[in-house]
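One point on numbering: in UniProt numbering, the residue at position 41 of the sequence shown is 41, and numbering is uninterrupted.
Worth flagging that the hints you see were computed from the coordinates, not collected in a lab. Remember, predicted model here, so these are calculated numbers, not experimental data. The C-beta atom is built at its ideal place from N, Cα and C for all residues, glycine as well. Be aware that one or more of the hints could be misleading.
Stated by the list, open to error - Simulated restraints, written as ranges between beta carbons of each label pair:
#: 1; residue 1: S33; residue 2: A67; range: 21 to 27 Å
#: 2; residue 1: S17; residue 2: D39; range: 16 to 22 Å
#: 3; residue 1: A64; residue 2: D7; range: 19 to 25 Å
#: 4; residue 1: D82; residue 2: Q49; range: 17 to 23 Å
#: 5; residue 1: R56; residue 2: T14; range: 27 to 33 Å
#: 6; residue 1: T15; residue 2: G60; range: 32 to 38 Å
#: 7; residue 1: Y59; residue 2: D12; range: 35 to 41 Å
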Amino acid sequence: MPEMTFDVRWPDGTTASCYSPSLVMHDHLQAGSRYPVADFVERSSRALQEASDRVRARYGMGCASAAQQEAEIRQTASAFDDAAEVEVLRMEPPLPGGAA
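Put together the whole structure using the sequences plus the hints.
Quick look at the structure:
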């Protein structure tokens with residue numbers, strides 16, 4: 001199961017490198033796009049839950065790292081207005097075939 005990272009810039013200009021145990025993030029976020037904080041939290045949380053479910057299906061337990069990443073995103077997001085924007089800077093690795 002390929003894992004990935006996605007780098008984001010928060011509304012205050014700080015950047016963070018985030019982890020996902022699955023490439024499913026590409027189904028929810030796009031590099032170079034901006035999302036209102038509330039939308040980013042919803043999209044990333046849904047994707048991280050899907051990623052954890054994939055780990056559970058394969059290994060019999062969810063992914064603690066995905067849960068921790070979701071908690072960190074929610075904690076950081078709580079400092080910003082829901083309408084402020086988060087920018088997705090990079091997603092690595094890209095989808096096979098360069099579709100990302």
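Status of each hint after checking the structure:
1. For S33 and A67, the Cβ-Cβ distance of about 24 Å falls inside the hinted range of 21 to 27 Å, so the restraint holds.
2. About 20 Å separates the C-beta atoms of S17 and D39, a value consistent with the hinted range of 16 to 22 Å.
3. For the pair A64 and D7, the beta carbons lie near 22 Å from each other, so the given range of 19 to 25 Å is met.
4. At roughly 20 Å, the beta carbons of D82 and Q49 sit within the given window of 17 to 23 Å.
5. A beta carbon spacing of about 32 Å between R56 and T14 agrees with the range 27 to 33 Å that was offered as a hint.
6. For T15 and G60, the hinted distance range of 32 to 38 Å is satisfied, since their beta carbons lie about 35 Å from each other.
7. Checking the proposed 35 to 41 Å range against Y59 and D12 shows it holds: the Cβ atoms sit about 37 Å from each other.
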